[in-house]
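There are 4 protein chains.
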Amino acid sequence: MEKIKVAILGATGMIGQRFIEMLEDHPYFEMEGLYASERSEGKSLRDVLKVRDYVYKEETLDTKIEVMDVSKIAKNCRIAFSGIPSDLAGPTETELAENGVGVFTNAGSHRMDADVPILIPEVNPDHLFSVKDQKTFSNGGFIITNANCSSTGIAAPLAVLRDTFGLEEAFISTYQALSGAGYPGVPSLDAVGNVIPYIGGEEEKMESELAKMLGTYENGKFNFAKFRTFANCARVPVVDGHLESLTLKLGSEPSVEEIIDAFEKFKGEPQLLDLPSAPPQPIIVRKEANRPQPAYDVFAGGTGRSKGMAVTVGRIRKKEEYYKIFALSHNTLRGGAGGSVLNAELAVKKGLI
Amino acid sequence: MEKIKVAILGATGMIGQRFIEMLEDHPYFEMEGLYASERSEGKSLRDVLKVRDYVYKEETLDTKIEVMDVSKIAKNCRIAFSGIPSDLAGPTETELAENGVGVFTNAGSHRMDADVPILIPEVNPDHLFSVKDQKTFSNGGFIITNANCSSTGIAAPLAVLRDTFGLEEAFISTYQALSGAGYPGVPSLDAVGNVIPYIGGEEEKMESELAKMLGTYENGKFNFAKFRTFANCARVPVVDGHLESLTLKLGSEPSVEEIIDAFEKFKGEPQLLDLPSAPPQPIIVRKEANRPQPAYDVFAGGTGRSKGMAVTVGRIRKKEEYYKIFALSHNTLRGGAGGSVLNAELAVKKGLI
Amino acid sequence: MEKIKVAILGATGMIGQRFIEMLEDHPYFEMEGLYASERSEGKSLRDVLKVRDYVYKEETLDTKIEVMDVSKIAKNCRIAFSGIPSDLAGPTETELAENGVGVFTNAGSHRMDADVPILIPEVNPDHLFSVKDQKTFSNGGFIITNANCSSTGIAAPLAVLRDTFGLEEAFISTYQALSGAGYPGVPSLDAVGNVIPYIGGEEEKMESELAKMLGTYENGKFNFAKFRTFANCARVPVVDGHLESLTLKLGSEPSVEEIIDAFEKFKGEPQLLDLPSAPPQPIIVRKEANRPQPAYDVFAGGTGRSKGMAVTVGRIRKKEEYYKIFALSHNTLRGGAGGSVLNAELAVKKGLI
Amino acid sequence: MEKIKVAILGATGMIGQRFIEMLEDHPYFEMEGLYASERSEGKSLRDVLKVRDYVYKEETLDTKIEVMDVSKIAKNCRIAFSGIPSDLAGPTETELAENGVGVFTNAGSHRMDADVPILIPEVNPDHLFSVKDQKTFSNGGFIITNANCSSTGIAAPLAVLRDTFGLEEAFISTYQALSGAGYPGVPSLDAVGNVIPYIGGEEEKMESELAKMLGTYENGKFNFAKFRTFANCARVPVVDGHLESLTLKLGSEPSVEEIIDAFEKFKGEPQLLDLPSAPPQPIIVRKEANRPQPAYDVFAGGTGRSKGMAVTVGRIRKKEEYYKIFALSHNTLRGGAGGSVLNAELAVKKGLI
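Residue numbers (our numbering), protein chains in the order written: chain A, 1 to 353; chain B, 1 to 353; chain C, 1 to 353; chain D, 1 to 353.
Keep in mind that the hints were calculated from the coordinates and are not lab data. Possibly wrong hints are sitting among the right ones.
Where chains are identical, the list cannot tell them apart; a pair therefore holds if satisfied intra-copy or between any two copies.
Unchecked claim - Result set (PhoX-like, lysine-lysine): computed pairs, CA atoms no more than 25 Å apart in a straight line:
| hint | residue 1 | residue 2 |
| --- | --- | --- |
| 1 | K226 | K318 |
| 2 | K249 | K226 |
| 3 | K267 | K57 |
| 4 | K72 | K43 |
| 5 | K287 | K43 |
| 6 | K265 | K249 |
Produce the complete structure using the sequences and hints provided.
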């Protein structure tokens, strides 16, 4: 199969560079170009590197960053992966879709649009087909978003619980990593040895995005899920990896063992279709008393392309009718670029591209 | 007034050294000796210093640590402040009480004893008198505990809400500081850039201690409060200062402004009695979007003796019938040594000593 | 004595707020106003707080920040303490001096001017009088700088060694705190778990400023000291406190004990004159194997006004003809605002104001 | 070729687990067993995991840790890779060599032995053959050490400079990572936001090991190199990656460009022999103003097996006759387990095994 040409938008940022990481030697996709704003004109990826733990190939590091150019991208690429900051992404993504490009974006601009899905292949793979109702779809253009990083990390566990036991209430507190704020993001004097109990708009996003994702798409319309979500979001001095505490009221009262069993048995579409970036085990249950931890579990998912693509849960406890769980996911891989790459892999397998 | 002679137990630890900090030049108390285990024999405070931000007087730093000796302490001291680790404190504290010493302890050993109060002067000052029912009280000995550090930081706000609006459910997640684990405590390879979602026994302690403290003492018996608590406890890479997210169901549905008003108007016994370590404002409400933060609010309380003795709350939000609040307190001052010093000041003013 | 009215310039920054800390209840000075750029108009100190460890008085926190106004300052204040960023400070400070204000500044703009001293009262108190040769001195205006934070921390130890044993070569590596970069300064993604081996212009500044400070002022001219300095500067994830390693070639070969003795015996002008912010012991020698450390020694100096004003040295070793020493100082107190306050105290005592 | 069976000693520690990482799927070696002390009996690698950034294969994680057993190892393994703590390693390693096992060790116990080489294949590959003079060599047993982590990171750059320009004096200050102290190592209360200017014995080790490594082996005897080294060692809150500042006096005065050129042209034995773990470019020169940094350069070396095996240098400056350079290497890969694996690869290629 000839590889599909893709553009990376926002290539100077944390998410853009995670896109590049996930697309080096990808079996379906080939990077046509790295795009960013005019500020980075003339620089190479090497000059603007922000990802700490991945070692890019020399030729990738030497790639020049190009200034964003919708017509060039539309001409050369079937797909654009967008890591553009949310406050800027909207119009560019719309324009690309209008020009026939399939946009897989991490930006929040279009997430709550009436005809745009927030897609997580393990959670709501059928939402994929909502793109057929987008006006631009007839000429090949569309927009598919992934959820914000704090919602992604818990969407699959919540979906499994809902499907198995019912789900009524979720009280959530987050311990979110610094990379979620992008670069330069949080000043070090506010981050070192500190916790910031505020991330603008994040709590509202979690509450609305989870409801949309875990809802249904029927007759050209998204119906929001009915369970209630109460989120408290905070930033902690961790580089990568969002940890979240969940206190949940389910529709029934299973034992802790039944919950573990439901998580461990779960396989989603990416696993069934064997998508290249799919983690073999999408939800990993740790049995130790003190896990999951960002330091040790952030890269859970596999040794290759699916590194960092699993969600890890642990400390599953029951008190009265409530269940307490900690969940962790890599916010710029699973909860960022990796989510969109998996979405694109699903779209290819399902014949949308 | 002649100052009351006091012993500091566990003087080589974080809590012990906070006791020393709070008792330098204290108007009621005079340190008779610094005591610890045999391992520190012959060392001075200077040799075992662990508190980062306080500058002790030269003469205090030069004080020799003595090996714990109950009979010496009982002979010379009316009071012992105990910062002994909880797993070792129990028998020594009992023996001291039997020998006529008033023990104010930060250790957990006796907290759930049937005749021992968990005292926070702003929350349950009347529990003080439960000590009269302790067997050793007739010869002057007794034990008064302060709550564990994560309970202390939220007890006063919860008590104010209960008294003003009623309190039914509290969903709590903690962001607890490293100093709460003592020294050497958490290995740095587990702490730097990480969150550990487990603190042994902490969630159970929060749930039971809050119920005892916010309950009543009547006819020689503690009646536990009835509201329900669901705690998730985690350790973050912060040196001092426990932050906690609260999602609360109250007995009625006040506005956010009414809650702020209740917090700001609140004065407890320490404020009314003008105790030396009492913060003028026991609960400080921050109005900024992103507070309280350990870095900026941990020392809230006053410029002198009451530094670090206030609780700071912020981000008070209402969603449906639930209220979301972040609360912060200094875990080794307000939530540790400072709590016991305030308890002792109350006992003096109330004539128990 | 009536207190001297002073203005604080750059009151929204780290250094500006350390000035405020050091001038609350100062026996010589009274803050007339807090000044900053137009961006902070209408805000109070409380709104822009950046210092973590100091608890300001309520009335100070409530003080409104005013927009910088040279004529107002010149009319109302005898002195201006400047924490303006170095790239902006120059013209404003010049204008203030021309209008008869005595400027004590932490900014680097004027440090290498031919008629402006870099003053450290323990090191070169006689340089104070060089201001008499400034053109503006006749109408009361002048500029006195303190050294940059990395030079200040080692100037006194180097001066003592030079005076006692001679000084030929200094190989220096720095471990500098984040607060030295101001706010917002270093992005947290570059700071957490990292070291940045570059601080723009810092190595050159250290090399030239030390030579000027340790040189002489004679016949209206600064003669630079002749010893050679080779500096390597790096930023580490510490909030406050610059640590530096020194490998020194002296003019003779004293024993380590003789060096300790020289440091411990040393008293400078601030000690002899008993200046309010003078640490009783300007150079503290730690004998432990693993000190000085920012966490434990950054506030060395005293329990009151001189907290953080001493330099701490330790690990003094000799290998062949070289001496190895670690030195630490608080970069925004001793190495920042505190340095200028001490300079102003000296100027008052010496009758220049 | 049949793979050579190897034992991993100290498999519960940081270095032991880096050995495992480097030996998964190794083309020459096959892990026969993971060994540690009795404390870990019955545990699997999964239970004692300490490496943060590497994702082991499931089957490796499930491997049981065995209690150290010299006779079993001697029977089954040709090679033992030792990550035993230095204070315990000596006798076990000797016993293994006496039983015919080739020991490649990261422990310091035997480094200064008269007949044991400290081997870095890029620096002193000929020292390999010194093992032929070890008493145990006749029956196949021998001991080869790698240098301590802080020496390894600068040995190759120093060797290149010596060979090209001569080398006379090296003034070194280190910024060493927490993982260098092993686990549990440094308490977090001493690490977070702090620098510890002391690592027991480290400065002496650097000074003696560099002299031995950069010396010659002739007529059964190591002759130490003559250049002088002055080291200051400090621990910084970084997880992995030792940064070091070097101020060097060479035998001549090349331009900075000539030095860069010498580094970039350098290839050692591992590169010429194309050893599996050899980084293509053993010394990488960064041209940016602010590199190398642990966060961004610690994994330099390649995308596969040689990840983290290069040394990165940068900020090469000349002042008068001295050269200033910052160097960085991964202390538990290049400076730990990776060094010994590379040594073993060299021994295989050179026919010693």
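Problem - Hints violated by the structure (numbers, ascending) - result: No hint contradicted; all consistent.
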